[in-house]
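*Asks:* Chain by chain, the residues run as shown.
Number of protein chains: 2
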Amino acid sequence: MFMDKLRASPKKPMATSTPDMVVRSINEGILKRRYSIGQRLVESDLTRDLKVSRGTVREALKTLSAEGVVKLTPHRGAFIRSLSRKEANDLLLVLEVLCGVAARLAAQRINSGDHLKQFRAATQALPGMGNNAVSSGFPEQRARFYQTMLTICGNAELERTMPLSHIFMFRAQFQGLWSNKDIAAVLKEYQEVAAAILAGNVKLAETRMRRHIRKTAERMSKLADSAFAVADLS
Amino acid sequence: MFMDKLRASPKKPMATSTPDMVVRSINEGILKRRYSIGQRLVESDLTRDLKVSRGTVREALKTLSAEGVVKLTPHRGAFIRSLSRKEANDLLLVLEVLCGVAARLAAQRINSGDHLKQFRAATQALPGMGNNAVSSGFPEQRARFYQTMLTICGNAELERTMPLSHIFMFRAQFQGLWSNKDIAAVLKEYQEVAAAILAGNVKLAETRMRRHIRKTAERMSKLADSAFAVADLS
DNA sequence: CCGACAATATTGTTCGACAATCCGAAGCTC
DNA sequence: GAGCTTCGGATTGTCGAACAATATTGTCGG
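Listed in order, the protein sequences are those of chains R and U.
So the first sequence is numbered by the numbering used here: it starts at 1 and just counts up by one.
So the second sequence is numbered by the numbering used here: it starts at 1 and just counts up by one.
No lab work stands behind these hints: they were computed from the structure.
The model shown is predicted, which means the values in this text are computed figures rather than measured ones.
Take these hints with a grain of salt, some might be off.
A pair holds if it fits inside one copy or across any two, identical chains being indistinguishable in the list.
[As the list claims (entries may be wrong)] Pairs of lysine to aspartate or glutamate residues, derived as EDC-like cross-links and limited to a Cα-Cα distance of at most 16 Å, are as follows:
{"#": "1", "residue 1": "86", "residue 2": "159"}
{"#": "2", "residue 1": "71", "residue 2": "159"}
{"#": "3", "residue 1": "203", "residue 2": "192"}
{"#": "4", "residue 1": "215", "residue 2": "189"}
{"#": "5", "residue 1": "181", "residue 2": "218"}
{"#": "6", "residue 1": "215", "residue 2": "96"}
{"#": "7", "residue 1": "86", "residue 2": "225"}
{"#": "8", "residue 1": "71", "residue 2": "43"}
All chains should be built: construct the whole structure from the sequences, respecting the hints.
*Replies:* Structural data, given as structure tokens:
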């Protein structure tokens, strides 16, 4: 009680709400391969496993649906989103401009505060950026890269519009399908983007980031049909 | 399959879910000035007025929050979102690229299907586009303009990312604060964008749309402080 | 006017219930 | 056996009530 009042300083006592914990649990479950793409999420299973009420689960699913992580079908429930070829292309088209803006803003603000230090730390952990442990938690490092970039942007609307979950989603669906050449190309592109941002080169950062997304779209278009969900007939 | 096709006639059996009705009711309430910017939405009031359960109201508020229409503050409830100067600028920065892409895609697809007819109809209703009833439901006509453009794009991700509600929100907060010169300029910009899209000029449509949003940002920056919410100190 | 405390209002979360709907299996007809 | 209908179980959609946790307001003495 007394402690609480003392804490009334600008610090936030923000304990994450229960639905948020469910959201995080599911997001993590996707990333960690505990849930597979397209899998159905049954409310009663979640209430049992996570020990929360059904209303809470439903709120979490609503949030995930709004983020585009799960697809909600009336009277059928929630499914881990699985992209058709067209949906994947549509997503990348939007991601191209959003990530482009993010890279631009990050480059623009790289020299204020301790942004430079933060971002340098996030990029150095990426494979090929001064280290050699290629496979050690690459997805996590990439997540950190994007997260740091978004934070530096300081644009709440951008963060709301382009949650990292999109990128995780995309990655989860196609992980393991890339050739070694693809992977090498991706790493090189990240290095170039990071270099441009670190240099504070606004224009170049945006251009390179957009090029990376476009290249990703090209690489994706070469994947077999089996990598994609069947087209949505709704 | 064959039956499916027959049944899949333009009419969809999709009875809108109860939370969706609540969402629409609130969105409409904002547009129609039944709710004012920054107003608090109390769950019990909504359950009473709309005759739905509290769980349903909560799901609706979650959705609206994800769309950025209301702001959810823990233990304090939902508020119709009110933008600070910075938030408004952040929003316009994102809207610039998203609307730009939308205009580009619309121009690209204007000649397939009956897109041209649809879009022409939507633009002719705009003031200064061949009619003269300037004040007759301008917000509605503008909404139709954007809605039609997004539909023509055929990019579900774009529709999900950039719900019209954003534009309504923005409009609601600043309505009545523009000068006659501002309004005239806006109308001119819409005409130019529409013309470019109708002409199928991909590059020009995107450029003009982005310019329109940038101009809007400029006009907005000249508004008095009283038009904005106080900065968020969270 | 100010701080501390009590009373109130509202949200966060849970539980249980029932109707509506979807899915798959059993049965029926040919 | 193929195709169709029917039926029942499983799951979601919505409701209502309840209680705990927290924020807001009102009250009091100084």
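*Asks:* So, against the hints stated earlier in the document, which numbers end up violated here?
*Replies:* Structure breaks no hint.
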